[in-house]
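2 protein chains.
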Amino acid sequence: MKIIRVHTKSRPSSVCCGAGALDEAINFLQGAQVFIVTDSNVFRLYQTLLAERFPQASVCVLPAGERHKNRRSLFRILDEMLGAQLHRSSVVVALGGGVIGDMAGLAAAVYMRGTRLIQIPTTLLAQVDSSVGGKTAIDYRGVKNMVGAFYQPERVFCDPLFLQTLPNREIRCGLGEIIKTAVLDPQVKDLVVQNFTRLFDFAFLQDLAAECVRFKAHIVERDETETSGLRKCLNLGHTTGHALELLCGRRSHGEYVLIGMWLESKIAEAEGVCSREYAEQIRAMIRLVLPRIPCFANAAEGLQFALLDKKNTSQGMVSMILPKAEGEYVEYVLPAERYGEYLKLLEGEQR
Amino acid sequence: MKIIRVHTKSRPSSVCCGAGALDEAINFLQGAQVFIVTDSNVFRLYQTLLAERFPQASVCVLPAGERHKNRRSLFRILDEMLGAQLHRSSVVVALGGGVIGDMAGLAAAVYMRGTRLIQIPTTLLAQVDSSVGGKTAIDYRGVKNMVGAFYQPERVFCDPLFLQTLPNREIRCGLGEIIKTAVLDPQVKDLVVQNFTRLFDFAFLQDLAAECVRFKAHIVERDETETSGLRKCLNLGHTTGHALELLCGRRSHGEYVLIGMWLESKIAEAEGVCSREYAEQIRAMIRLVLPRIPCFANAAEGLQFALLDKKNTSQGMVSMILPKAEGEYVEYVLPAERYGEYLKLLEGEQR
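Heads up: the protein sequence lines correspond to chains A and B, in order. Using our numbering, you'd call the opening residue of the first sequence number 1 and step up by one each time. Using our numbering, you'd call the opening residue of the second sequence number 1001 and step up by one each time.
Calculated from the structure, these hints are not laboratory results. Each residue gets a CB set at the ideal place from its N, CA and C atoms; glycine is no exception. Be careful, since some hints might not be right.
Just a few of them, taken from the derived set where beta-carbon distance is under 7 Å, the chain B residues facing chain A [stated by the list, open to error]:
1. S1010
2. L1082
3. V1110
4. R1113
5. K1144
6. V1147
7. G1148
8. A1149
9. C1295
Okay, derived cross-link-like pairs now, DSS-like style, lysine-lysine, Cα gap no bigger than 30 Å in a straight line [to be verified]:
10. A:K232 with A:K144
11. A:K9 with B:K1002
12. B:K1002 with B:K1232
13. A:K9 with A:K189
14. B:K1009 with A:K144
15. B:K1344 with B:K1144
16. B:K1324 with B:K1189
17. A:K232 with B:K1009
18. B:K1266 with B:K1324
19. A:K144 with A:K266
20. A:K266 with A:K9
21. B:K1344 with A:K9
22. B:K1344 with B:K1232
23. A:K344 with A:K266
24. B:K1232 with B:K1144
25. B:K1009 with A:K9
26. B:K1009 with A:K2
27. B:K1266 with B:K1189
28. A:K344 with A:K324
29. B:K1009 with B:K1266
30. B:K1144 with A:K9
Label pairs and their calculated CB-CB ranges [what the hints assert, rightly or not]:
31. B:S1014 with A:E24: 49 to 55 Å
32. A:F200 with B:V1333: 55 to 61 Å
33. A:F196 with B:Q1085: 26 to 32 Å
34. B:G1031 with A:F200: 36 to 42 Å
35. B:H1007 with A:L230: 20 to 26 Å
36. B:H1218 with A:Q164: 52 to 58 Å
37. B:S1089 with A:K2: 51 to 57 Å
38. B:L1049 with A:K2: 54 to 60 Å
39. B:E1347 with A:F28: 45 to 51 Å
Start from the sequences and build out the full structure, keeping to the hints where you can.
See below:
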């Protein structure tokens, strides 16, 4: 088991990765009033485990799915917290994927101006990415993460136990963010490249997840609230990935990030930001998880979604994080029109 | 003009007190996208000033009054922020009393996980107390400040200009918290005692307000999120005051705090926590603002409200902050029954 400390200014946090992490969580929660937030999928799979391991806890079960990451669910959690008479020293446990982590985290952040919070992520994506760093939010009026807070959990417990019930699609989704991290961080890259045959092996994924957490913790420590620009590097692949996700929305978030990185490696190469050789290396890593980049007959329409995203745009320009060389990246700004041309690369077959 | 720095861990803040503070605010906001949140009372009085001094700003006008400090108003602010296309570097300006400060502060805390925030408090109470320290909240399901956040404003600008339009009731309300601060802090006490004839004189109030802010900043710096217990001292008079406020609700918050302190000085004396002489000194200061402590025929019923307040109670005990000696105070716990007996002191006439 690995312990990764996250030295954020607001509150020190730590992430416990590996087999036995759930037992650690149970130890940590001894004596506290515990309030578990989860979704109907996780609850169905782990109802017995919850009853056995957390016999005293209140459990709030929300409907599963991103479309429930809204104001209604947030206030339902708060209502149930009130009903359970939680106080500030009670502990909210977010048990689920990124959606549950985001909503339970926000509820913990605002209930009585903040209760204690721990995250027990159950998806690979949440274990390597969303549970670490303190971002919490709900979607509102069609804007992703419109209402939220930076609120660090006291502890994150990533137990590979939960990965065993994940559908393959969810594993690929998490691998998307892992490959992104590999492009950003040479240590993760070496681990991926040297063990590329073991990417779908849970024992290895557990080590890989811990390395991804170490990298993310390092970034979050230096830019907790996304103000210095450093944390932006984590958005590699996301400008395009997110636009395609909004345009099509059938694949998982992680796959769209991979497709986004594929296109952005092409852009980096064409714009002279990185060498052809390095861009090819990136695309080879992407293919480890996504052997064939799918065709998007209407990819150029993704431009409108990229332009709608306030994070990336100002006055007809689209900004994105581009890979430069091993462990190096830059924020790069393109005129919307030129970016629209690049999007067309996703429309054809030959690549 | 006095500048008081507040060195909180989450974000450094500073408070600018005195004539000209509004001009400082306008200078500070140069070049920023400004979104003003205010209420219908303040807007009616200062509409022209706003149009002249903040010609570019968006203004969100909420209905006045504590009963509007709710979820509906919060989401109305967020909707208008979205409508005005605010981004994280836009500045929310809370222009009003404590209710506006609390709601605009919370909206700023959660919009896109946090925009910039400044406070321009327009009541004496907000200038000496609520605008400083980063507490934001709305009431929810009948619980005061149920949903909120600790979110420090970058700057607070306290301009005595706004005090001139305050009704007398509002001045007395602010003086309630000032007298509370005088009991906690010897410097504020000396200023009050040496200038007791000038308590309703705006020029003096301005200096007094700055001293109260200095004291509060000192407390908030050492216990920003109310975890070490230190910040609790600011609740002097509030256990009883708040219970009476819920029971009767006709007077201002500050007056209830004074009445609460009056009773709690009696309790401190009877329980041997402070000397009779010191308790008399406190009551003399209270009389400067509230010459006659009113009778509450049903005061003992306040016990139920004190017991409902999770902050003060556990298992049939009521806790409160009691004065001990000059600049000293203790957290004191009484069995509910004995506290109920003390409440009866407020039912009689002779004191």
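Each hint, compared with the structure:
no., hint, result
1, S1010, "holds (6 Å)"
2, L1082, "holds (6 Å)"
3, V1110, "holds (5 Å)"
4, R1113, "holds (4 Å)"
5, K1144, "violated (10 Å)"
6, V1147, "holds (5 Å)"
7, G1148, "holds (4 Å)"
8, A1149, "holds (6 Å)"
9, C1295, "violated (34 Å)"
10, A:K232 with A:K144, "holds (17 Å)"
11, A:K9 with B:K1002, "holds (29 Å)"
12, B:K1002 with B:K1232, "holds (26 Å)"
13, A:K9 with A:K189, "holds (29 Å)"
14, B:K1009 with A:K144, "holds (29 Å)"
15, B:K1344 with B:K1144, "holds (25 Å)"
16, B:K1324 with B:K1189, "holds (15 Å)"
17, A:K232 with B:K1009, "holds (23 Å)"
18, B:K1266 with B:K1324, "holds (12 Å)"
19, A:K144 with A:K266, "holds (27 Å)"
20, A:K266 with A:K9, "violated (37 Å)"
21, B:K1344 with A:K9, "violated (48 Å)"
22, B:K1344 with B:K1232, "holds (25 Å)"
23, A:K344 with A:K266, "holds (12 Å)"
24, B:K1232 with B:K1144, "holds (17 Å)"
25, B:K1009 with A:K9, "holds (7 Å)"
26, B:K1009 with A:K2, "holds (29 Å)"
27, B:K1266 with B:K1189, "holds (19 Å)"
28, A:K344 with A:K324, "holds (22 Å)"
29, B:K1009 with B:K1266, "violated (37 Å)"
30, B:K1144 with A:K9, "holds (29 Å)"
31, B:S1014 with A:E24: 49 to 55 Å, "violated (42 Å)"
32, A:F200 with B:V1333: 55 to 61 Å, "holds (58 Å)"
33, A:F196 with B:Q1085: 26 to 32 Å, "violated (45 Å)"
34, B:G1031 with A:F200: 36 to 42 Å, "violated (52 Å)"
35, B:H1007 with A:L230: 20 to 26 Å, "holds (24 Å)"
36, B:H1218 with A:Q164: 52 to 58 Å, "holds (54 Å)"
37, B:S1089 with A:K2: 51 to 57 Å, "violated (37 Å)"
38, B:L1049 with A:K2: 54 to 60 Å, "holds (59 Å)"
39, B:E1347 with A:F28: 45 to 51 Å, "holds (49 Å)"
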